[in-house]
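Each chain is listed here by its residues.
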Amino acid sequence: MKIKKNFVLWTILFTTLISTSRVEAQKNDISSQVTLANEFYHEKNYQAAADIFEKLVAQGETNGFLYYNLGNTHMRLGNTGNAILYYLRSQLLLPRNENLDANLRYAINQTQDQLSPSRGGLIHSLFFWVDSINLIEHFEILILFNIIFWCICIGSLYYRKSPWESLKKISLAILLLAFFSTGIKYNLLSEHKTGVIMGKKVDVKSDRNIQNVTLFELHEGAIITVNQEDNEWAHILVSTDKSGWVPIESIAY
Amino acid sequence: MQNTPKTKLHSWPTVPAILIFIFIPVTSFSSNIQLSTSVDKNQLTIEDSLELSIKISGVRNPPIPNLPPLINFNVRSTGTQSSTHIFNSDMQVSTTHKYLLTPKIEGDLIIGPVIMNLAGSNYQSDPITVTIKKLNPIKPNKNRSVYTETSISKTTPYLNEQIVYTFKLFRKTEARNLNLSMPYDESFFRKENLGKAKRYTRVINEIAYDVDEVSIALFPIKTGESTIPPSMMELDLIHRTQTNRQRDPFARFFNDPFFGRTTQSKHKIFSTKPIKLETKPLPKKGKPREFKNLVGQFSITATVGKESFDAGDTTTLTITVSGIGNVMDVSLTNLNLGDQFKIYPDQPILKKSIHGNQIGGEKIFKFALVPFTTGKQTIPSISLNYFDPDKNRYSTISTNPIRLTIKPGTRTENLNLVQSKTAPTQQKGSTVAILARDILPIHTRVDDFKRVRFDQSQRMIYMLWIIFPIIIYLIAAGYIRYNHKMNEDMSYSRRQVAHRKAIKKLNQLSVSNPEPKDSVRELSQIIREYIGDKLNLQGTAFTSKEVGERLNKNIFTDDKIFAIKKLLEKIESIQYMPVVVHKNHCLIDETTELLISLEK
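Protein sequence lines correspond, in order, to chains A and B.
In this text, residue positions in the first sequence follow the numbering used here: the first is 135, and each later residue adds one.
In this text, residue positions in the second sequence follow the numbering used here: the first is 53, and each later residue adds one.
Keep in mind that a hint or two might mislead.
[Unchecked claim] Taking lysine to aspartate or glutamate pairs in the DMTMM-like style, the calculated list, with each CA pair at most 20 Å apart, reads:
(1) K274/B x E226/B
(2) K328/B x E359/B
(3) K335/A x E299/A
(4) K394/B x D235/A
(5) K178/A x D490/B
(6) K418/B x D235/A
(7) K502/B x E173/A
(8) K325/B x E277/B
(9) K295/A x E277/B
(10) K459/B x E359/B
(11) K358/B x D235/A
(12) K502/B x D337/A
(13) K334/A x D265/A
(14) K185/B x E342/B
(15) K459/B x E232/A
(16) K418/B x E359/B
(17) K502/B x D163/A
(18) K418/B x E274/A
[Said to hold, decoys possible] Negatives, chain A to chain B, calculated, CB over 12 Å:
(19) I164
(20) E195
(21) N197
(22) N206
(23) D235
(24) L276
(25) L311
(26) D337
(27) R342
It is worth saying that the hints were derived from the structure and are not from the lab.
All residues carry an ideal CB built from backbone N, CA and C; glycine is no exception.
If we strip away everything but chain A, and leave its shape as in the complex, we get (with noise of 0.2 Å):
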């Protein structure tokens, strides 16, 4: 019996440090790929380091500032479309980066119809705050809250004072703010889709097929929401007066 318990005992360890010893290889890895496509970057060999770059992203490596070199490469190479498309991406992450918040303003200056991202209505409005984190900090705020308010409960149940009561209430205010700016970002986030044309030119059609009538045109770089995929088409939607069809591939979001 205590020979079985000490061999579970010794697996688990072993494996633990295999594990912890092969996620630090594979850190050491993503930190060696940045510092050479960083290098390339300087060097101006912007194509280089994009195919870094572009690598670690389609292996799964989600991070705002490897969005952003990303979108600075594009920059350089000319690839406005893509380059905005990975700011958007970067500032889901980095929503107080200032640097891209200036490379983005300055991306959509060069392009041709001059889009910015949408913003939304009354709740987007009243939740004013919730452009400024990301869902992330949204999701810690709201632990970080939901532990102090079950805190100040465990806490009221104890000394059963009025101070507690009222701490009790403010905390449950400020519970249920979180909860519902994080529900706001979580919503945002799955249903407003964000995307940009990646073609040069686009004709945005009335309906889906390339012979029905073209309403307007967009061009690379320009932001839209997309509404609706179907298919080989998507409905995307400019402003509110200003919707229509586009191919898929014309997209990216």
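Let chain A serve as the given structure and place chain B on it in line with the hints.
Chain B in isolation, oriented as in the chain A frame:
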């Protein structure tokens, strides 16, 4: 029942014929077409209005007659009425157009003839003369049911100084359809609204008036004499009259406002007196060179997004100018921060607000700053001049200098300048022309490139973190509640510890090995204490029969009660036997088993 074809033949042209008969103007009823005009009163004051009725009889659906030029009146249509009267076999039709005329001037005014053209024939009414009398000058405003007032906060303002123009309507009676016109000379003033109308009650000469007050802020934009023209308040005064129901037992009941006593409305127009102003130029003495027509009371603050950052990075300088006055005119176009920074100005944001009865607010200017060099840098103090009309002198406000630390970057990026699509702009007042704009450098701190995880497992962890405190709370709440109950509820406390206490005593008894008689007595005592604790009874002096009765009322089942009774009887019988032959250990074990079975 079905109609025969013959009947149908007769009925189908009937309906269109009736429709044509109704809607096309015809003179079939009477060849005597008449056009007449009348007014409800011939004498009125400048505050009153009269109703002009134009009646056309003898024709159905006549065209709208042409009104004469009425330059001395404000004219408003109040509707059209049509009527049909049948006397014996004679049918009379008439149409009445009604207009509300409000005089603009005093004196004898003529309402010219009204002309109507019908089928090539002209019909004309007689002119009417009305007299517009002067208002009674003896008691201006005093004891009047309704009157108006206008006031101005200052009659000799400075150029660009805020003045508050206030209109007040005092009324004792109910008024509806209020329509206020507060004209001003747009070539002399710029207007800002000061929020919604205020309504309050004021007692004047022992009479309570409802006061409606509307204020606007005016900023003189020219020096010299100017006049604010009269304000006009148009309204319907409601007079409630009681019907003659004094003998009626239900009179009081129906005079209740709920049932809407008879009301009469009277259209009135009140105009105020014009107000003359003398706008003074701003004093030349002490006028700073950078002064930009800012008049009022202001403050200025400056903050930066971050005070320490890497070379090539940006920081946002936010300058906020707030106060009372023409804050909307503040401009910081030629911001001079030396040659240390590249400045990218953003669009300023204006937030208006009302302070007391004056307009003010704040204007926020944002500038993105990119430092040219590394090391310690200072954003110098930024000054703003304004004229304070209360103190009658110019004042200068300034921000505190801000110290910045610009660290050398991990690796400096050689900027590969690309020409912007938009034409390079030259900042106003600056001699440095911007040749091109470029993107900011890549991020080089490798530690920041950690993978951000938000996959299924991460979401599960977040969910666990949300659920975990709730579980902790439930456990803690249960424990706290148990503790509170144990401290506060003696019966509960006794019930909870009864079994543990009894078992402990039984264990002690089995170890101690006393005299058989004492042991049996002790055993009896333990069982009684156990029952006492369970039922929250005081003392242990009860017989086995009493135990049976008390337990019956409570939670134990009959077989358990029987077992207790049996054991107690057994113990009692052993206790009073002359010689104890029973084995103590067997009895203790039996008691322990019984207590365990009772707890189940």
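Do the hints match the structure? See the list:
Restraint check for K274/B and E226/B: not satisfied, since their Cα atoms lie roughly 41 Å apart, outside the 20 Å limit. Pair hint K328/B plus E359/B does not hold up; C-alpha atoms about 54 Å apart against a cutoff of 20 Å. For the suggested pair K335/A and E299/A, the alpha carbons sit about 62 Å apart, so the restraint of at most 20 Å is broken. This hinted pair checks out: K394/B and D235/A have alpha carbons roughly 17 Å apart, not beyond 20 Å.
A threshold of 20 Å between alpha carbons decides the hint, and for K178/A with D490/B the separation of about 15 Å falls inside it, so the pair holds. Distance hint between K418/B and D235/A is fulfilled; the C-alpha atoms sit about 14 Å from each other, no more than 20 Å. Pair hint K502/B plus E173/A holds up; C-alpha atoms about 19 Å apart against a cutoff of 20 Å. Distance restraint check for K325/B and E277/B: the Cα-Cα separation of roughly 16 Å lies within the 20 Å cut-off, and the hinted pair is therefore satisfied.
The straight-line distance between the Cα atoms of K295/A and E277/B is roughly 69 Å, outside the 20 Å bound, and the hint therefore fails. Pair hint K459/B plus E359/B holds up; C-alpha atoms about 11 Å apart against a cutoff of 20 Å. With a C-alpha separation of about 15 Å, the suggested pair K358/B and D235/A falls inside the 20 Å cut-off, and the hint holds. Our distance criterion of 20 Å between C-alpha atoms is broken by K502/B and D337/A, whose separation comes to about 40 Å.
In summary, the hint linking K334/A to D265/A is not supported, as the alpha carbons are separated by about 30 Å, beyond the 20 Å threshold. Among the hinted pairs, K185/B with E342/B is inconsistent with the structure: their alpha-carbon atoms are about 57 Å apart, more than 20 Å. For the proposed pair K459/B and E232/A, the alpha carbon gap of about 17 Å is at most 20 Å, so the pair holds. A threshold of 20 Å between alpha carbons decides the hint, and for K418/B with E359/B the separation of about 15 Å falls inside it, so the pair holds.
Only pairs whose Cα atoms come within 20 Å are accepted, and K502/B paired with D163/A is accepted, the gap being roughly 11 Å. For the proposed pair K418/B and E274/A, the alpha carbon gap of about 30 Å is over 20 Å, so the pair is violated. Separation of I164/A from chain B is inadequate, the least Cβ-Cβ distance of about 6 Å not exceeding the 12 Å criterion. Non-interface status of E195/A relative to chain B is broken: a Cβ of that chain comes within 12 Å, the nearest being about 6 Å off.
Non-interface call for N197/A relative to chain B: violated, since the shortest CB-CB distance, roughly 5 Å, does not exceed 12 Å. Against chain B, the non-interface label of N206/A is violated: not every CB pair exceeds 12 Å, the least being about 5 Å. With a cut of 12 Å on Cβ distances, D235/A falls inside the contact zone with chain B, its closest approach being about 9 Å. At roughly 7 Å, the least C-beta separation between L276/A and chain B is not larger than 12 Å, which violates its mark as non-interface.
Look at L311/A: its CB is around 15 Å from the nearest CB on chain B, clear of 12 Å, so calling it non-interface holds up. No beta-carbon of chain B is positioned within 12 Å of the beta-carbon of D337/A; the least distance is around 23 Å. No beta-carbon of chain B is positioned within 12 Å of the beta-carbon of R342/A; the least distance is around 33 Å.
Consistency note: the structure conflicts with the earlier hints numbered 1, 2, 3, 9, 12, 13, 14, 18, 19, 20, 21, 22, 23 and 24.
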